[in-house]
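The task is simple: from the sequences and hints, build the whole structure.
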Amino acid sequence: MTAATTPILRVENLTKCYGATCILKGASLTLGKGEIKVLIGPSGGGKSTLLQCLNCLVQPDSGEIWLDGVRIDLQSKPDLYRLRQQVGMIFQDFNLFDHLSALDNITIALRKVKKAGRREAEERARIELDQVGLGDKGHLYPAQLSGGQKQRVAIARALAMDPKVLLLDEPTSALDPELIGEVIAVIRNLAAQGMTMIMATHQISLIATLADEILFMAGGDIVEQGSPARLLAPGNTSKSQGFCDRLNEISDGG
Amino acid sequence: MDLSPFYQDLFTSLNRGLLMSLALIVPSAAGGVAIGVFAGAVRVFGRPWMRRLGDGYAALFRGTPLVVQLFVLYFGLPNLGLYLSPYAAAVIGFVLCSGAYQSEYVRGALLSIKSGQYHGAQALGFTGWQTIRWIIVPQAFRRSLHGCGNEIVYLIKYSSLAYVVTCMELTGEGKTIAAEYFRFTEVFAVIGLYYLALVTVAILLLKRLEQRLAIPGFGQH
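Protein chains in written order, with our numbering: chain W, 1 to 254; chain Z, 1 to 221.
Hints may be right or wrong, so weigh each one.
[Claimed, not checked] Here are the computed distance ranges between Cβ atoms for each label pair: (1) W:Pro177 x Z:Arg51: 41 to 51 Å; (2) W:Gly117 x Z:Ala59: 39 to 49 Å; (3) W:Asp176 x Z:Arg212: 33 to 43 Å.
[Said to hold, decoys possible] Only some residues are given here: those of chain W computed to face chain Z with a beta carbon under 10 Å: (4) Cys56; (5) Asp93; (6) Asp98; (7) Asn105; (8) Arg157.
For the record, the hints were derived by calculation from the structure and aren't laboratory data.
Virtual Cβ for every residue (Gly too), placed ideally from N, Cα, C.
This is the structure in structure tokens:
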């Protein structure tokens, strides 16, 4: 992937500690337009915390964030609200609003955050639902949708905000095996359209085929990074290779 | 069929009292829910000093007998130069007392909303206030509906305490007739039926509201 002129997202030295336990010990990364980075590594390694610090759902203790060349003042609430509007997030357990239909899950943010009119918001929501193959499910409530459908609504909801970057925190981990495919297909489609993404995942097929770069996190640090072609080359003894081998063993054994 | 003078007097008085009771209950229930939602939200989301204020309010009004509160409002405040009509004293007392209980139901419901709902909204760029207003409260209100309904049912019955501050509602009117004719059993039996009817109507209305606000799958686990 060619480096874009200005990175879409650049973070320097993000740290986050809870008491004496440091979950994130100074993570830095730069994300160019259309680039896809995949975070892998053992549980508790800091992947989720890094993602949540990127849009300040978890307030980092220190560090700096630039979005599209503009520095974000982490102490300023308006700055944070603006950052979050432009950085979409997909959660492991979807976090759809339980009291709203699929369509209204999408329109509410457009109407309340972006101040769009109802008609305009609904039109946009329908376009996004069509994109994820749920054009006919807009009237259903979260409890009436399958896990895969919920995650696709969540993706449509994030996309409707026209994010510059999409953060995905293990988007398929809470899904039954037979539902994972439909979500992966949507993510692949996004990648094909050039969406900039950072994704934490254990989904081996996504790691190898989508990532421009793999970031291996352990103990709160990015301990290894590089292209899949390099890190996962046959015979390579990288941590990433070992990790992926174990993931492969699990999926073969299962 | 002609009613005996006793029953004619009784129903005339009780119907007059019923109107007064309704005039007490309806604004008290609405005000109680409004204050309950507000105080409940403050007790969960407010700054520490606001939470303490909210907790103090709930502790005071849940911790003292309603009769005492009404006495203070009606007989105590004039010492400070504040004179309330019997009706005003009763409604204010009911609203404050009911609001304290409602805030407890609302608080419980707010705390039961999963943190994922906050995160989902925050990640989309909602402000704290927008998250509470558009995501948390609509869900919590539905969850607190049963508790709030229960408090309204209870309010209907404790509205009878208004007569201790000389606000002549159903119970007060009935008591006068009972003393006049010395027929306590019949009078209070009929008063009981009036309250039973009021509560039945309230329950039906609450059921309606519950059905209107129902969301498929929401609150059913």
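Evaluated hints:
The hinted range of 41 to 51 Å is satisfied by proline 177 of chain W and arginine 51 of chain Z, whose Cβ atoms lie roughly 45 Å apart. Separation of glycine 117 of chain W from alanine 59 of chain Z is about 46 Å and conforms to the stated range, judged on CB atoms against 39 to 49 Å. For the pair aspartate 176 of chain W and arginine 212 of chain Z, the beta carbons lie near 34 Å from each other, so the given range of 33 to 43 Å is met. Hint status for cysteine 56 of chain W relative to chain Z: holds, with the closest Cβ pair at about 9 Å, below 10 Å.
Below 10 Å, beta-carbon pairs count as interface contacts, and aspartate 93 of chain W has one with chain Z at about 6 Å; its hint therefore holds. Interface restraint check: aspartate 98 of chain W against chain Z, minimum CB-CB distance 5 Å, threshold 10 Å, status holds. Annotation: asparagine 105 of chain W was flagged as interfacial toward chain Z, and the flag holds, the nearest CB pair being 9 Å apart, inside 10 Å. Because the closest C-beta pair between arginine 157 of chain W and chain Z is about 7 Å apart, less than 10 Å, the hint holds.
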